[in-house]
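J.: One letter stands for each residue in the lines below.
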Amino acid sequence: ELKVEQNPLFLSMQEGKNYTIYCNYSTTSDRLYWYRQDPGKSLESLFVLLSNGAVKQEGRLMASLDTKARLSTLHITAAVHDLSATYFCAVDMGGSRLTFGEGTQLTVNP
Amino acid sequence: DTEVTQTPKHLVMGMTNKKSLKCEQHMGHRAMYWYKQKAKKPPELMFVYSYEKLSINESVPSRFSPECPNSSLLNLHLHALQPEDSALYLCASSPGPRNEKLFFGSGTQLSVL
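Chains A and B are the protein sequences, given in the same order.
Take 1 as the starting number for the first sequence in this note's numbering and just add one per residue.
Take 1001 as the starting number for the second sequence in this note's numbering and just add one per residue.
Excised from the complex, chain A in its bound form (with noise of 0.2 angstroms):
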């Protein structure tokens, strides 16, 4: 059974601090997504991450895979407020299935 953790599962951090959150998995994959939740709402896709060394960024925020490792991160850098949310990875399983990390809230303090 693939198992996909994540840590921390709870952040707070300053605004302007830079963090990491880390989500391991349990068997080989080589695509790893990560999504955004704000309370109540619906996920927003982040990244989509399809090989060994992959690496994304969209503004404060970038995604690295390594795949031998099975190790993702999702790197935070000069956190603003906005950014509080939470944040799941998801590994696929293959076949359409997606396993979901337990999810990392973050808080982003002024």
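Among the hints, erroneous ones may be present.
Covered by chain A, according to a simulated footprint, are these stretches of chain B (three or more residues, beta-carbon under 8 angstroms) [stated by the list, open to error]: (1) 1048-1055; (2) 1100-1108.
Distance condition first, Cα-Cα at most 30 angstroms in a straight line; then the derived DSBU-like pairs of lysine-lysine [as the list claims (entries may be wrong)]: (3) B/Lys-1040 x A/Lys-41; (4) A/Lys-68 x B/Lys-1101; (5) B/Lys-1009 x B/Lys-1040.
Quick caveat, the hints were computed from the structure, so don't treat them as lab data.
It should be emphasised that the depicted structure is a prediction, and the values quoted were computed from it without experimental measurement.
Where a beta carbon is used, it is the ideal one built from N, C-alpha and C, also for glycine.
Given the structure of chain A, go ahead and fit chain B onto it with the hints provided.
T.: Chain B in isolation, oriented as in the chain A frame:
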């Protein structure tokens, strides 16, 4: 049009009621999904339709019955639900069944009394 539209946004039903959730997309996507999300938990896959055929049923109880009338529409028929079925039900679509990028609808918040 890059939206997945779900109706209704909120639904309250009794355990003896029959109701349906509706999902629509006009992006030409050929894979559509139903996910269930409990509060402060990740989404859990329920069903996948690929080219209008049910390809995955994640051992979902029969009180949930999916239907894909055409490539743009996905329904979830609900009957004799239990209070523990209360959750946010999310529909999603993708260009093909290999996931790629999932586009999620805004969800239906369901409460079963």
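J.: Which hints, by number, does the structure contradict?
T.: The structure conflicts with no hint, since it agrees with every one listed earlier.
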